[in-house]
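Colleague: One-letter residues, chain by chain:
2 protein chains.
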Amino acid sequence: MSPIAPPDPLPEPLPEPAVADLRLETVLGALSDPLRLRIVRKLLLERTEFDHPCGWFELDRPKSSLTHHFRALREAGVTRQRQYGLERRSQVRVDDLNARFPGLLDLVAAWTPAETD
Amino acid sequence: MSPIAPPDPLPEPLPEPAVADLRLETVLGALSDPLRLRIVRKLLLERTEFDHPCGWFELDRPKSSLTHHFRALREAGVTRQRQYGLERRSQVRVDDLNARFPGLLDLVAAWTPAETD
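Those protein sequences? They're chains E and Z, same order as listed.
Going by full-length UniProt numbering, the residue at position 10 of the first sequence is 10; the numbering climbs one at a time, nothing skipped.
Going by full-length UniProt numbering, the residue at position 98 of the second sequence is 98; the numbering climbs one at a time, nothing skipped.
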């Protein structure tokens, strides 16, 4: 698949908490799930384009389940989502999370799935 | 209340995961609750004796609820609990958590409750 050029200007982000409103308990809750850790880790380590759609993650789950997890990550402030036509694409709010919770994303990047996952 | 000398030897710890078995998703889940963050933060910042009983935390919750939260922290590997007679006392597994998830306890220590908590 050839790289997709980002639209200019980018679509507005979907609703998300402001950086000052990020709460540690909420962010940790959003990350306390292996599937969500997998999503955020892949975004951190393998990001290649502007934003990534659901399919890029190669997660073998129903779309409704993925939609739920991506929304939970956005509402907690972990990711930013933009709507591109019918598709939502995600990126990690790296600068915001590093500013508020330094070191947290390093833990996510270093995470590996349990053998049973 | 005068300081209590620890028994020698200390009671055996209650069952807990080995340091190699600590899982980031489980630890984050245990910490994704304001009451538990409050417990762990107080243990980190105000620890004065060998272990601390429930009452030391000055949490205005039913004992059954506190028992649940303390057990959840222990089972996730965040705290170690020992039984002293009828009483369970807790401490944070600082060395184990720093070895496996460096920086995580700094985030907990820096946490402040939301104004609505």
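Accuracy of the hints is not assured; some may be wrong.
[To be verified] Which stretches of chain E does chain Z cover? Using the computed rule of at least three CB atoms under 8 Å from a CB of chain Z, they are:
1. 5-17
2. 51-59
3. 77-84
4. 92-103
[As the list claims (entries may be wrong)] Among chain E residues calculated to face chain Z with C-beta under 10 Å, some are:
5. Ala-30
6. Leu-44
7. Pro-62
8. Leu-66
9. Ala-114
These are calculated hints, taken from the structure and not from any lab test.
Here a beta-carbon is modelled for each residue, glycine too, at the ideal position from N, C-alpha and C.
Colleague: Could you run down the list of hints and mark each one as holding or not?
Modeller: Against the structure, the hints:
1. 5-17: violated (count 0)
2. 51-59: This one is violated; 0 residues, fewer than the three required, reach chain Z with a Cβ under 8 Å.
3. 77-84: Coverage by chain Z is violated for the segment 77-84 of chain E (0 residues, Cβ < 8 Å).
4. 92-103: Contact hint for the segment 92-103 of chain E vs chain Z: holds, 3 residues under 8 Å.
5. Ala-30: Since the shortest Cβ distance to chain Z is 8 Å, the answer is holds.
6. Leu-44: violated (14 Å)
7. Pro-62: Check failed: Cβ of Pro-62 of chain E comes no nearer than 21 Å to chain Z, outside 10 Å.
8. Leu-66: Given a least distance of 17 Å, the restraint on Leu-66 of chain E is violated.
9. Ala-114: holds (6 Å)
When each numbered hint is compared with the structure, violations occur for hints 1, 2, 3, 6, 7 and 8.
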